[in-house]
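Sequence lines, in order, name chains X and H. Per our numbering, the very first residue in the first sequence carries number 5; after that it's consecutive. Per our numbering, the very first residue in the second sequence carries number 2; after that it's consecutive.
None of these hints come from the bench; they were simulated from the model. Some hints could be false.
Said to hold, decoys possible - List of simulated lysine to aspartate or glutamate pairs, EDC-like, C-alpha gap at most 20 Å:
#	chain 1	residue 1	chain 2	residue 2
1	X	489	H	159
2	X	343	H	159
3	X	179	X	156
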Amino acid sequence: MSQSVKSTLDGAVRLSRRIGDGDIAKGDVILQVEDLGVNFWVNGEWFAAAEHVSYELRAGEVLAIVGESGSGKTQSSMSLIGLLPPNGRATGSAKLKGLELLGLDGRRLREVRGNEIAVIFQEPMTALNPVYTVGFQIAETLRTHYVMAPAEAKARSLELMRLVEIPDPEGSYDKFPHQLSGGQRQRIMIAQSLACDPKLLIADEPTTALDVTVQAEILKLMRELRERVDAAIILITHDMGVVADMADRIVVMKDGRVVEHGTADAIFHHPSHPYTQSLLAAVPHLGKAADEDAPAVATTLVAEGERGCVPLADGDPSITPALLLEDVAIEYPAQGRRKAFRAAHHINLRVDPGQVVGLVGESGSGKTTIGRAAVALLPVADGRLSVAGRDITRATNKQLLPFRRDVGIVFQDPGSSLNPRLPVGESIGEPLYLHEHLRGKELSDRVEELLDSVELPRSMRNRYPHELSGGQRQRIGIARSLALKPKLLIADEPTSALDVSVQARVLKLFADLQERHGFACLFISHDLAVVEMLSSRIAVMREGRLVEVGPTAEIVNNPRHEYTQRLLAAVPVPDPDEQRQRRELRDRILAEHGVS
Amino acid sequence: MSELEFNAADGGPGRGDNAIEAKEVEGLSQGQIVLRRFLRHRGAMGGLIVLAITAVFACSAMGIGPIPGWWQYQDPNATHPMLNNGAPTVTLPQWLGGPGFSLGDHPFGQDNIGVDNFACVMKGVQTSLLVMVILGLTALIVGVTIGALAGYYRGWIDNLLMRLTDLMIVLPTLVVGAVLGKLISVATDKFGLPIEAGTFIKLNLPILLAIALGLILWPTMARLVRGEFLSLREREFVDSARVAGATDWRIITKHMLPNSMGVIIVNITLLMSQAVVLETALSFLGFGVQPPNVSLGLLISTNQGAFATRPWLFWWPGLFIIIIALSVNFIGDGLRDAFDPRTKRIPSAREMAKSLGQAQEAAS
């Protein structure tokens with residue numbers, strides 16, 4: 005296979021010199037990193053982002069660098085191709101086939117970039133230039149390093165696009181990044197990085213911005229590619245689940261230092277450092293829900309056919325549900341020339357007081373739409389939506405004011421959900437200020453109480469959002485949503501923007517708070533494993549429709565809808581052997597149902 | 002506390018995602034960060050100092066309102082005996098090769114009937130600054146209000162207000178300014194207003210002119226604020242304020258306006274420097290400030306016949322126009338940089354080497 009990858013390149017004249025002599029074979033040492041350090045200059049002082057990093061990489065090998073945000077894993081890898089910001093500085097040594105990479109500049113550095121070392125970035129939408137077609141961007145990389153006619157470059161680009169399994173490569177060649185889905189964009193990024201047949205591929209969190217299902221597809225692609233190309237791969241990630249059956253060796257980094265280094269097998273089965281153990285424990289494990297209490301008779305409700313919808317589950321009529329949606333359709337209102345867009349159809353869902361219901365689906369499935377409609381941020385176009393017995397389907401702003409006391413919402417992006425110009429204490433206190441008209445001492449006492457409850461120091465109330473880490477910001481978001489002791493809380497992917505280890509701590513806090521306050525909760529996520537940890541019932545959503553609703557244990561252990569099965573199989577597990585089994589299971593499901 | 006602690010040895014959490022970036026802004030509010038960046042901007046600080054000195058000098062020389070200034074000739078329209086054929090009496094200090102610094106009787110010279118040019122220029126600077134500030138404030142209030150309402154409510158309000166804005170934008174500023182300026186100055190005769198109203202208009206002509214110009218210069222501001230509001234209202238903190246039960250008024254004033262302060266301040270400073278030049282141009286064309294008021298443009302206009310014989314009558318007003326417009330522009334530029342979240346302080350190679358040396362010394 006690797007022959008066919010190189011076919012069009014073999015005759016081409018190089019513009020950039022190759023490093024080392026001749027071809028590389030699997031097993032040759034490609035990269036030697038010794039005592040690598042990265043420092044940043046901040047206000048006259050140097051801060052170490054990474055220090056004493058040493059490793060060796062062979063052709064055809066996958067090295068995973070695992071660590072939380074801020075552990076220096078990205079910066080230490082970016083220093084290899086001179087991509088540090090101007091106030092950064094790299095020390096030590098990094099040799100690619102004998103060529104010292106640190107301190108390289110000008111023409112020599114450009115010859116290495118894209119040609120010998122390629123990078124797959126985290127966010128394909130921002131890494132691809134929106135004003136050029138994706139085909140042009142792949143061809144551009146080729147024509148930078150080879151003497152190639154446009155037609156030749158196009159032929160090679162199409163070949164690469166086929167390699168990364170883009171559907172209809174000829175048609176996609178002239179598409180712009182925004183016309184492709186997130187997964188396809190990431191495939192284009194991979195095709196671009198493979199364009200010049202590089203010796204080393206750096207994948208910087210290639211799947212973090214993607215859904216679980218798309219993540220599984222991209223990982224599958226990368227796993228297949230490593231067999232086909234001879235490049236060595238550095239996979240940077242914070243999720244032990246992602247590297248489980250991909251990495252040959254793993255480097256675990258914390259606060260700029262390597263805390264553990266070993267083969268994948270050793271790290272997964274016998275982690276010696278407590279930090280590695282905690283990273284492994286942080287990955288949400290599917291199937292923790294006890295399956296013995298699963299009833300013999302299936303109680304899940306499954307949608308029939310393409311356009312089917314799930315009927316409303318029977319509930320205890322004596323209880324007023326905290327959230328009740330009856331045949332609800334939700335529309336994004338028309339905006340100028342843009343027509344109204346119906347994002348959810350015929351939704352029947354009920355959340356009882358004190359119950360946590362998980363809402364799962366891929367991005368674009370309409371789950372956030374339901375969450376926003378439940379807090380009256382979006383109008384209900386059809387059907388009936390009531391919260392704690394209060395019908396809010398056609399309520400005006402004024403009528404909604406008392407309703408606002410009963411609901412809270414935690415948003416997905418903790419960076420954007422706090423006003424950057426207000427100290428976080430003021431953000432937390434705003435609902436109290438508006439509804440209970442608390443002022444001065446009373447208000448600050450309540451804010452401190454709330455900070456205590458989300459396990460943040462009281463002094464933090466005077467800080468601004470930009471000073472806090474992602475996990476701290478999300479805790480603030482939770483504290484604010486709980487300020488009025490709501491009956492219903494909407495949690496809209498509260499942890500998907502966080503590191504896996506931070507996610508684990510935030511989820512634990514969330515579960516504790518739910519137990520203590522007993523609010524009903526609609527927990528929205530694309531990750532079934534996360535939802536499983538918290539909720540007693542799960543609703544699965546696809547393309548604006550609910551496809552399966554039922555008790556958690558049943559959904560997880562005995563999914564009946566094909567889509568639910570796919571979602572379940574896509575969840576990564578931090579265990580290489582189990583992961584391999586799951587991957588095979590997933591391939592089987594896909595083969596049976598004939599979906600790509 | 003969990004993510005703040007720094008436990009290297011155990012299995013505890015790491016230092017968190019933006020630890021190093023946060024070092025630079027530790028314990029500072031957004032406003033303080035902007036202020037710090039602004040104070041570091043050399044051009045802006047220079048502009049601010051020059052503008053402040055000019056304003057203080059002009060105001061103290063000619064006094065404000067009833068308060069007299071220190072200059073001997075307080076009336077810019079009074080004539081004085083001709084001295085030295087009207088040439089400037091200001092002399093260069095010794096270190097610049099002159100006989101030593103002194104102002105003399107008429108430091109900026111006199112025109113052909115003996116009017117003191119220094120008094121005129123200083124009064125003109127006052128007028129220019131006054132016009133600049135009032136014009137800025139008028140455009141600020143109108144522009145921000147209209148932009149904020151259009152951006153926040155969208156729908157038909159947006160349509161209505163933006164079409165109005167389009168209408169204002171297509172009007173050529175200079176022509177409308179000229180017509181309005183003329184209209185104000187001839188209002189008494191044309192509309193049969195009482196004499197008192199006429200004198201009131203005559204005395205306060207610069208202020209009225211500034212308000213009139215402000216009322217036609219707001220569209221750029223309104224468009225920018227609307228654009229900013231359109232993107233801000235999609236941010237989740239606005240949604241969360243709405244969920245918390247905040248009223249529209251509170252969301253606009255407490256959450257959205259402070260976040261668009263950057264755009265507003267930058268635009269208003271640029272508008273103000275534009276205002277100085279516009280007022281000058283109008284007065285030069287004879288449509289702006291009218292005698293007995295004095296403005297820099299008017300000075301240039303009335304003395305245009307004397308360009309060959311008494312060039313100083315142009316130099317001084319021209320110099321001050323440039324000083325004011327340039328320094329306001331520099332301030333605006335500095336503010337733009339200060340409010341831009343992407344501008345990071347990039348150390349010079351020397352600074353980096355210096356702190357590196359210190360670090361190595363400390364290590365050895």
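Structure-based check of all given hints:
1. 489/X with 159/H: Violated, because 37 Å separates the two Cα atoms, which is more than 20 Å.
2. 343/X with 159/H: holds (18 Å)
3. 179/X with 156/X: Holds, at roughly 19 Å.
Consistency note: the structure conflicts with earlier hint 1 alone.
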